[in-house]
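Residue numbers (this note's numbering), protein chains in the order written: chain C, 12 to 438; chain X, 8 to 318.
What the hints contain is simulated information worked out from the structure, not anything from laboratory work. Computed from a predicted structure; not experimentally measured. It is possible that part of the hints are untrue.
Computed list of lysine to any residue pairs in SDA-like fashion (alpha-carbon distance at most 20 Å, straight line) [stated by the list, open to error]:
| hint | chain 1 | residue 1 | chain 2 | residue 2 |
| --- | --- | --- | --- | --- |
| 1 | C | K134 | C | A121 |
| 2 | C | K92 | C | D64 |
| 3 | C | K198 | X | R283 |
| 4 | C | K202 | X | G169 |
| 5 | C | K278 | X | L267 |
| 6 | C | K118 | C | Q91 |
| 7 | C | K432 | X | T232 |
| 8 | C | K277 | C | D139 |
| 9 | X | K67 | C | I97 |
| 10 | C | K339 | C | D64 |
| 11 | C | K261 | X | I173 |
| 12 | C | K92 | X | M86 |
| 13 | C | K92 | X | N174 |
| 14 | C | K261 | X | N45 |
| 15 | C | K195 | C | N276 |
| 16 | C | K324 | X | N174 |
| 17 | C | K134 | C | N276 |
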Amino acid sequence: MKKRNLVWILLLAVLFLASPLFAQAKAEAKPEGPIKIVYWRSLTGVAGEAQDDVVKRFNESRSDIIVEAEFQGAYAEILQKMTAAIAADDVPDVVLLDSPHMPIFAKNAALVDLGQYVKDEPKGFLDDYIPGLLADGYYHGTLYALPAMRSTPLLYVNGDMLAAAGLPRRAPATWDELREWGKKLTKINAKGELEQSAVGLTTGLTTAHWYFQGAVYAFGGLVSDEDFGIHLTDAPAMELAQLWQDMVFKDRSAIPSNSHDDFFNKKVAMVFGSTGSMGNVYSRADFQVIPAFLPGQKQNLVPVGGAVIAMPKTGDKWKQWAAWEFLKYFTGTESQAYLARKTGYMPNSYSASKNAELVAYYNANPQWKVAIDQLNYVRPQASVISLPKGTAILQQMVEKLIIANRDVKTVMEETTADLLKEYKDNY
Amino acid sequence: MSSQSRPPIEPLPKFKRNPMTRRAKRDAITFALFTFPNFLLLTVFVFWPIFYSLFLSFFKWDMIAPKKRFIGLENYRVMFSDPVFWLVTKNTLILSLWVVVVKLAISLSLALVMNRDLRGRSFYQAIIFSPTFTTSVAVAMVWRWILEPDYGLLRVFMRPFGIAPINWIESTTHSLPAVIIVLIWVGIGYDMVIFLAGLKNIPPELYDAGLVDGVNPVQEFFYITFPLLSPTTFFLTITGFISALKSFDIIRILTDGGPLNTSNVLVLFLYENAFRWFKTGYASALALLLFVIIMAITLVQNRLSKRWVHY
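So that you can see chain C by itself, here it is in the shape it has in the complex (with noise of 0.2 Å):
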């Protein structure tokens, strides 16, 4: 008799709690009154700020649509919460993310399909999408993806850092030049301890990778290929990882670096960066900045990188839609010249790179075109980097070559075999 009771309590509680499971149903009739969607982004400083005016415009602009922005971390961290997301259902409407990010979602069915829209709009639509960068949208020939964020990596050269040493204020052409720089730049005091550096090598967990293709891709290599070849044992990745590690241990001229914070101190002269950084450190520095090229070698040429935004699957319909307008304002012209005046991230269409506003800072700040300028020699990033391991793999890497200090063909061989074993484990 009492275990009956209990049992039947328990029973009437789980259901009652349950029931409000059962009762969600989804409105197919459009809403009365503004439809509100959430939009999560990352990045922070200036770079989140811009984005959060784009937001405000379009909800002047709109009186059927509220954007909500919400921040929610770096690129890694969307994409945990996106992930945590997914298996609550209960995504955001919109989402920023890291361009190697997409397939991870597009592969699980969890994006809107593009091209239902896309349909829809005038002919032509697409066009005016620098193809270089709409490329990273599609996913097996299906459109996830606009471009929104889009970067480039960088050298920030400290100018009067140079002009200290006796070299000329600009940045080393070539890893050589950079090399034979370092060697006046570099400061090692009677304790034997080092003062001054001449660059900061990033080790960062999501970016260590990037910089590291842009030197393989000037020294006329790269890391892997369309269909998962890894090329990190061909001649330029080994001639690189070697000079970098030599940099670091023979010259003393390079040092690993995790943040900007050593190039804002003045430890070092130069230092890797985004282009979409380029607002922080004018911010930051207290002293002459230039933007320039990542130093080339046989070739100039670097991975574009940055975000896309997407629309993940709520099921509501009219979100979509308002999810969709928000896209299109996002990544039309005015939003992206706004972004890149006020960013450094590069204009992502044609129509925004002739932006009369944007063509006018750019001649009143020719140091800022540097992010235009190399829409020229950009190729797309590693296949690799699509791997969910695959950043940490080349992170852990560019650490073995310039913490560990461990035989470079050792560690070329290793992490080839590392990323072989990741791309099996997920295809």
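With chain C fixed as given, assemble chain X onto it according to the hints.
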């Protein structure tokens, strides 16, 4: 159930066949109603995740894909053949041992000092206890700055002694010690307070008796204080080990397990696999292993305690 555990207050009348009185029934219902919310929460947030995690450890799943693929014991095979796993396990054990032993030694010494009549005692206690109620993320951020090799606070103190700057965070040899130091620093206050409570529980008559017998301070400590403090020490050892084995937040912010996993520990490695690389099955297998390790260490300590803990 409550009717069985409750000693009968008066003998039940003989004519009643059902031993359950109205009162007892009502008690049972009340009991069920009161425990149910907790039971439900435990089920949803503790029991269910444990079993689900065990279940997931036999699958390959990326957390998003609609289908999970059954792979049997493959995750466990991968785990035991993964050099990073062994490194991380080793780090976890080294870290736990150092943190618990050093933390107990320092906090006991502090407690002994604080147990005396000291001017401004409560002020010092508050200072030493403060890391306990400080957000761990804030603690880790501040320590990052303290340990910064060129401009950090530690450097400022070391410079006059001519000690070369140490790049704690980005060094393969110093990142684990850095983590250990910070974890000890964070834990001292709490342990000290518990030790103080233990010291206050030692009957003063024993010290008086010792005084009469002419013990010196060392004897006093080893023959009176330490044995009578042993239940407290035991409690702090067990909880200290469990929390050290589970350390995550401070390491995540301080070194993020790097460089090259030299300061990585099991929980952080688990987190990386689950939420950075979406190897949910593998992460579940790791979680289960962590559960087994904690259980084993606690059981061993429990057994050993019979030799040195006096109640």
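Non-conforming hints, listed in increasing numerical order: As far as the earlier hints go, 1, 2, 3, 5, 7, 8, 12, 13, 14, 16, 17 are violated by this structure, in ascending order.
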